Amino acid sequence: MIREWVGGERIPFARRWGIAIAVLGLMIALILLGQGHGFGALEYLQFILDGLRGGSIYALVALGFVLVYRVMGVINFAQGAFVMLGPMLTAFFYEQKWPPAPGLRLALAALLAVGIVGALGMIIERLTLYPARRASPLTRIIITVGVYLSLQGAALLLWGPYAKVLPSFTTLSLSDPTYRFAGVRVKAQSLWIAGTLIAALLALGLFFGRTTVGKAMRACAVNRLAARLMGIPVDTMSTLAFGMAAALGAIAGIVLGPVTRATYDMGLELGLKGFVAAIMGGLVSFPGAVLGGLLLGALENLWAGVTVAGFKDLFAFVILILVLLLHPRGFAGTEAEVERA
Amino acid sequence: MGRAGFPANAIGFAIGLPLILAIGGLEAFRPMGLSLPALTGGLLTLDTMIRVGLFTIVLVGLNLLMGYAGQVSLGQAAFYGMGAFFSAIMTVRARTLGIPPALAEAWWWPWLVMLTGAFLVGLTAYGIGRPILRLRGHYLAMATLGLGIVVYILLRENLGLPHLNLTGGFDGIQGIPRLRLGGLLLWPAWRYYFLVWLFAFGAIALGLRVVRSRVGRALRAIHGSEMAAESVGVEVSYYKAQVFGLSAAMAALAGSLYAHFQTTVIPATFGFGSSLELVVMSAVGGMASIWGAPFGALTVLLVQEVLRTQLHRVIPNAQGEFEAIAFGVILVLIMLFLPEGLTTGGLRWLRSRMGLRPR
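So the sequence lines, in the order shown, correspond to chains A and B. Counting from 1 along the first sequence, just add 8 to a position and that's the residue number in the working numbering. Counting from 1 along the second sequence, just add 405 to a position and that's the residue number in the working numbering.
For reference, chain A alone in the conformation it holds in the complex:
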């Protein structure tokens, strides 16, 4: 039962194969492009591995999009702002003098940041989307865009345009150790990121499968009216879902923090790419979103390897348009769910 809810309805194998063939074709095209550069198998593997790191982040962000969309029916364009606030707040707390042990300080800072962003998400939902709960989806989408603008402006106001740096989780310094496995290099932070993604998936699975609140939230997503009639406080569930999505976004930003520099405007790109990942997964399925994120990250990095650097960001959005034009259901979901979107 949970499988159906989490994954959307099963899709026919023929269609699934179609997607697989399309992805394979794309990979072959990218590899052929790379032949001109004289890349070997190892380089491709390295590209894909590095890409999976970014992909895990997209996947985490995409989970937030799917969560809010399923429970509230809103595409939450403010998600990128929460992704940005996570590392910014963490770095801000980490820069304080207390507690003196840097490891403890980083852990506390990260926890505090996730908590604050989660709470902020809930407050924002109560202040903006809750009063507009009967408004048209169009209105609600524009509201989230407004929230995004305000949060980004607030970050710029608080911390200025300068990049904030988070230390590597492993060494607690700026240098991050690199491990070598059979010729491919993996950064330690990449392992933290992958671990976080797996932990987040497990936590979400447990939450929706085992806890009463999680089950109530699922009920809201399936049928709001019926859920209300069963005595589930649907508006509270919406607030909670929004807060959870915000916290997820913050976590994604924090684990990414040591790899990139955190700036007030980093949320736009990450939010949009997470959104593309969610669309690839059909916008209604958690595994679809994760798969979409990982695939997007890997393919994008391959693409960046074989073309000009400035074109890296192009890939995700070309994919977005292609998915919408050719296969708007993504990896999962049904016609009915796409129609409801």
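Treat the hints as calculated values from the structure; they're not laboratory data. Computed from a prediction, not measured in an experiment: that's the story for all the values here. Even glycine gets a Cβ: it sits at the ideal position worked out from N, Cα and C. Please note that a few of the clues may not be correct.
Unchecked claim - Residues of chain B placed beyond 10 Å of chain A at every Cβ, according to the derived structure: (1) P593; (2) A610; (3) V637.
To be verified - Here chain A is said to cover these stretches of chain B; the calculated rule only asks that three of the stretch's residues, wherever they fall, bring their Cβ under 8 Å from a Cβ of chain A: (4) 508–521; (5) 558–566; (6) 673–684.
Let chain A serve as the given structure and place chain B on it in line with the hints.
Chain B in isolation, oriented as in the chain A frame:
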């Protein structure tokens, strides 16, 4: 949205046209040393008014799309930019493209480019919109978002053809010629102002016409109930795609006019932020109102101007960050408390004051 009982359109033209003419006349002749900045305490300049006119053209299209067809476009600035760069490339880079100088230097060439650009951009939008709009819901918003960013990156990266240097990369294109009408140069600024507002009123008239036409009726039916509209034979996706194409063409036209006004275009002007700005303008003026377009543009540009010039008096060291916050907060507040925007909301208030039946 004027109907019997309240001739909003007639009043709009009756007030708007003379006002625009008066401002232009004032700036053209400067009687007794008076000028627009002097009269408004430096708040309004001819430059701002030209921008309002340009945005009006874009917003009429955007309002048709958002307010009447119920679709968000988060990439409208891309169409604006496509128009601007099409004009810029076809005039400045004519030699690179192998266009004979005799053609490229003719006075009517920029005009031809402008119309062709608008047509091509409209066609592109229609081609993208047709399949996507078959799906119900906000898939167009996502597609336009993607398209906007793709267009921005292509402009920034020289369309992937660095050896031709067509778009000029980050720095854009400089030295776009001013428009001429036969032997008459449409410059100084007041001449261009009249041209822009001629187009702006044309856009408003076209918008009003579309709203009252078969397409407009179909869109209103769709707005009421898509299923009901479909069941009486309205082909929903067809009309939506048509409006999307029209709005893109209008944005492209305004973009061309912008290019010839500014004489410089850079890709950064047409990024995602500008698309959001257009949505803010549309929401402020009132999405489901053609007359909301000039009001939305004027209000937002004035707010920007005030923030830029006055804010540091209240908060020293204040920079652009407040603009973003103010934009975001304004957008949220308008959506929460005045979702119809200033014009429609204001009209409703007027109607109720005049004892007319509020619709």
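Hints, one by one, checked against the model:
The Cβ of B:P593 sits about 36 Å from the closest Cβ of chain A, beyond the 10 Å cut-off, so the non-interface label holds. Annotated as non-interface, B:A610 keeps its C-beta farther than 10 Å from every C-beta of chain A; the closest such distance is 26 Å. Listed as outside the interface, B:V637 is consistent with that label: its C-beta sits roughly 20 Å from the nearest C-beta of chain A, beyond the 10 Å cut-off. Closer than 8 Å: that is the beta-carbon criterion, and the segment 508–521 of chain B has 0 residues meeting it against chain A, so the requirement of 3 is violated.
Three residues within the 8 Å Cβ limit are the bar, and the segment 558–566 of chain B against chain A gives 5, so the coverage statement holds. Under a criterion of three residues with beta carbons nearer than 8 Å to beta carbons of chain A, the stated coverage of the segment 673–684 of chain B is upheld, 3 such residues being counted.
The structure is inconsistent with hint 4 alone, although it conforms to all the rest.
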